[in-house]
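Chemist: Protein sequence lines correspond, in order, to chains A and B.
Just so we're aligned, residue 1 is where the first sequence starts under this note's numbering, counting upward by one.
Just so we're aligned, residue 1 is where the second sequence starts under this note's numbering, counting upward by one.
Treat the hints with caution; some may be incorrect.
[Unchecked claim] Label-pair restraints from in silico Cβ distances: (1) A:E240 - B:L201: 23 to 31 Å; (2) B:F193 - A:L219: 34 to 42 Å; (3) B:S203 - A:L219: 36 to 44 Å; (4) B:Y29 - A:P340: 50 to 58 Å; (5) A:D345 - B:Y291: 41 to 49 Å; (6) B:Y291 - A:L219: 31 to 39 Å; (7) A:D372 - B:A19: 46 to 54 Å; (8) B:A19 - A:P305: 34 to 42 Å.
[To be verified] Covered by chain B, per the in silico footprint, the following chain A stretches (three or more residues, Cβ under 8 Å): (9) 103 to 112; (10) 127 to 134; (11) 253 to 265.
Source of the hints: derived by calculation from the structure; they are not laboratory data.
From the three backbone atoms N, C-alpha and C, an ideal C-beta is built for every residue, glycine too.
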Amino acid sequence: MNLFTKRAALLRLVAVAAVGAVLAAGCGDDDEAAPVAAAPETTVAPAEPAPAASETGRCGDPERLADSINFLNWADYIDPAILDMFEEECGVSVTLDTHVANEDAIAKVAVGNSGYSLVIVTDYAIAIMADQELLAPLDLSLIPNSANLDPNQMSAYYDPDNIYSLPYQYSTTGFAFDVTAYETPPTSWSVIFDENPLCGESSLLEDQREVIGAALVYLGYDWNETDPAAHEQALELILEARDCVSAFDSANYYGDLGSGEILAAMSWGFAAGIAYLDNPNVRYIIPEEGGIIWQDAMVVPADAPEAYTAHVLINYMLEPDIGALITEFTIGYTPNLTVPPELSDDYFDVIEGAGLVLTDDIRERLTWQVRDERHAIFADTWAEVLLYGSGPPLRGAGGGGGGRRGGGAGRPPGGRPRPDRHAEGACRAPGGRPRRGPPRRRRPHAGADPREVHTRFTPCR
Amino acid sequence: MAATTFAQRRRRRIAALLAPGLTWITLVYIVPAALIVLYSLLSPKLGGGVVWELSSDAWNEVVSKGRRSEAGWGTLGSAAVRALAAAAVATLPLAACARWLRRSERGALAVAAAVGALVGVNHLASSYNNYAAIFARSVAWSVWATALCVGLALPLAVFISSRRSRITKNALLVAVMIPFWTSMLVRTFAIRFMLSNTGPLNSVIESLGFDRVVFLNTRFAVLLGLVYTALPFMVLPLYAAVERCDRTQMEAARDLGAQPPQVFWDVFVPLIRPGLTVGSIMVFVLSVSQYLVPTLLGGGKTNMIANMLDLQFGEAFNWPLGAAVATVFSLITILSLYFVVGRRDRAGLL
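Isolated chain B, as found in the complex (with noise of 0.2 Å):
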């Protein structure tokens, strides 16, 4: 009797003291998903807002939307190529790579496998005018994003870690959070002014006696627009990952025999592996739902995701498509996170 008075309180208590946050998150995450949903199944009214009336339009539209202008078997034989091109590129290096770290080449095969498929699919997303391809293209570009942050921050966390002093480390990561002191939106602006046809850039191009470049409102301009506002976003978790791992482990591996590249591979990588899991799921979220970037770096041409929200439920009234996109960028997100935390964390890798 006392037992089952105790559990009650404690789980009287665990409930009085859940139910704010739940309330909070039911208000302010599940019934605003759940109003999108079912936005998006509504229909459009000009001047922005849905009738009620139940209408499949949206999702046709994101579906079937677009002509396949230039696309067709040619596109797909194209991309097809590309990929397998590009996987075979990488593959060599990568399978020498792994000969070198004494392990199996398998690994290295899935991973050229998967830069051959990020370049079909980009290729593809590049021919075809669908949201198919814009929500395939944003997703490419934002692990392309994620890729070369991890290769620019890792070094530097490295770097930054490796300091002695402690005010050097601090200085150092302090020019790391700089950016984050001024508006993001101002960041981009200096982007444009940097990579702009009268830019200085460009002067130091022609002073140099070549032709300008049209660096502006390119795909290099959007990538590098999304690497640089998410560069902290990993610096900063992989500082931390590699703070916290211990370096007796890494020589005793090294008095073992271990060669510097299996150390790193072997010892180093799955040491840091949490920072790295956090690290790539910030920056690819952020750059997944970038809307400053190309709208301020691509000219308008380049669009991501976002854009197309925008489009949607701005000038063009039609709040049930951009609320059925929402939703299928919403679950792209999710799964994106759930396959990479959700199973790696299973693994206890996080």
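If we strip away everything but chain A, and leave its shape as in the complex, we get (with noise of 0.2 Å):
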């Protein structure tokens, strides 16, 4: 029967591209078209007893289809557009809920009868859920799009057969600047732990693991490193560094970055992007001593109440051209082989322009962030950051001032030159400067009317 359906889905996909070819090639090339469409035609009729049933063949079977589904994200992490896409196309409306942390998408499942279908949380969230048994397995068969999924993102460390979970979207953790702002571009964490040359107008992410780990692997150590010791060197870092960062920041830190407010940043790669939007001058590297690879995916809670319409949303966004507008939308890296070829060029501008292409170099760098039992020394870690009480005093942000650490050396006289925002050639988000608002990871979506918004970029040029 799956193996079945699978066939029947692929038969159909060949037949309407068939049939695609034949209209486009109606006026012109009629020798080449007609016996392609001849073939899948003789195949397909008696394969398939119900073709009008769905018509597109990604909307799985209508008798099993819900008319509504609840779907938990991550906060504008999802084109809306998709979302009506798919109640036109396949009839099944999305409510769509958000979430700001995977801490909240737990606690939201772990209660039970949360009435979500389809949940999107990051890697280190599965391995959790799934440990607690919150998570029905996933039935391949009826995603026949998961064939599609480049192997490197699958078989992650938190669901090691992909039992539970399929990759939406990944990106990597490491340091977002001004080019503007530094002499010679920074590869190290070193401009943050060491010699951190902008004062007030540099941040880190609050984010126990992330902050933690960067320090350990400055130090030399591993991003998961749970020793005692190891940690007390980390936390004695920071606690250095912490007087000259700006702050710890999640949530704001991406639009400062556009805006000029703070001019060097660690960040994740989507959120480099998403600045690059607003200030062409934002960089991403990924620090030598190394940065987080982390990944998006897909999960149907245990006790989903659409579980089957659930399979089908998530085939619906392994879609080729569905998957290019959300990798458009989130500036994120796609899993989906069948994706890249999709992308506009205004998404690769961005990942190019930003520094932001993820290269085998680039990929040996990144560890993936393991989270369980033995890792909770990171959150007293980030307690003893927390609690410490000595925060900055008021500082002169311009020149030399009374904080800074290495601050003047080797700086042009009468200060650096202020980052130029608006650069010709800048392509703006829709709806212009980015919203701050609460999401702890997202950024917030700017655009006004969703139906409107495909994707994040107007034309530039």
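The task is to assemble the complex, starting from two chains supplied on their own in separate frames and drawing on the hints.
Modeler: Shown next, in the form of structure tokens:
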């Protein structure tokens, strides 16, 4: 049955493509189109007794589809137009609910009877949820598009056999900065942990794993190190760096980077891309000591009321065109190998312009962030960072000030040139400057009417 | 016989009237409070929640967490020096005031000692990174915020109350209330924008030829946020108290030869004390539990108790520790209320 469905779906795809080819070729070459169209028609006819049921082949079995489904995703992590398209195409209305932290999502699902049939969370959260038996195993036969997923992004540590999850988008954690702020572009975490020339204008993420992890790799340990002595050293390092960075901030920093409010930040890859839209001087690096690779994935809760529809929606989001819409919206990386050809030039302009291209060389520097009981020490260390009360005194930001360390060395006289925010050629997000809002992780969506905004880009040229 | 029946009936009626309220309080306050205390004695579970195993880890952590990295006798000494210095600086003008008011200097010395203690505690709390420090810091900042609010709100309340026309009064009161109409989140973001490196304040400073100043993510910004958010809660009770107070008493005091400062201190302040108490409690309780202001204006670097609660119940997945912190937090609020209201009330001042 499963194999049958899969084959039928494939054949239907071929048929659709063939019909498309016929239509396209209608005013041109008849010789080539005819045999292509003929072949599948003969095969499809017996294999599909009710062809009218799903014309596009992307909606599964309409008999089993629910009328509506509740979907829990990161805030501003999917183009709302996609959900409208799904409703139009498959007749399922999707109620999107958003979370701003994996912990929120876990809590919502853990209480039971949450009503969500599809949830998107980050890697380590999946391991936790699977461990607590909150997730239902996926039926990959209902998700034929899962065959298109990048093997590099499958079988990750959090779900080695992809029993519960399929990747949605992935990105990295590294360092984003305004190129005009440094004489030579930084390549190491030392610009935060050793000599930070941008006191009061650089920030660290507000995240125990990422900040402590970066300090650990800077000291030569592993991102996931749990040795108390190593944490002691990392804590020392962070407490020193903390007086100079302007904030521990995961919610506002990319807007600030885009507006020139801050000039450097420990950053998520996609966030650097968003900042780049506002400020084309933003560059992103994975420092030589290392960075994090993380992945958001789609899971179906164990008590999902509409598990079948959730599978269909997962499959739908793995379609090449839909995947392209998602990736252009998030400015992350797509784990779907069929998507890159569909992506617009604007997307690649941002990825290349901001230095977000993920080469094999860079991949080697990336680590997954593992989280289980052993890693409770990160919370302890982080609590000490946050408990510490020596807030910074008021401080001048333009010239040398009281608490600056290693500030003026090698700087051009008269202070650093201010970044030119609106250099020509800047692709601006629709709706202009990003709104600052409470989400801890994702950038608030700037567009006014979701139906209008299919991508974040407006043509630059 | 008839009397007991009446008493019984009365008792029953009272019980029936109180039952819904008491049930509500039990369900919504007492049971959760008891649960929080219970949770603080269990073990944490990854992903949130608790494992039903008794453990004293959370309380050990609250009591003994943190390294006294820069602390020690040196810090203690410097805190003591600062406290003494602050007290000494405060003593002179306060004593002069007391003399001027023809009151004994003992009150002035007590106030000076309180100022000194606050400065000392503040310094200590900045140098330690344990839970005692963050509790002390939150309380100290809230006391500062309360004092600043009194200082700002009292003249305003008197000013509004002294307007002749009702329309002006109402207009001014509405102006005080308007911030309530917008979400606190929006207002805090507005302050964030005002104080930011590239914000209006720094534009003015830069246009005057000075270097920019980092206002945002400092203790100054947090204190400003606390005062800004809580100010209306001080203005309104004070205004009500000032409106109510009988001006003829002050005129009488004046006629009987009291100097203006004396009238203020001996007649006016006792008359408005209920408003002062209510306002102070509201501002203090609001400030000590602030989460948004330290998050958005302190940049995660100058945290208060609520931020630690967020960390433990959220990212850290350590509910027992969060529950223990919450228990201490509630105790601090309840005890400070008891000391301010409970004792004052017995003296019949509220």
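Chemist: Would you list, in rising numerical order, the hints stated earlier that this structure does not obey?
Modeler: none
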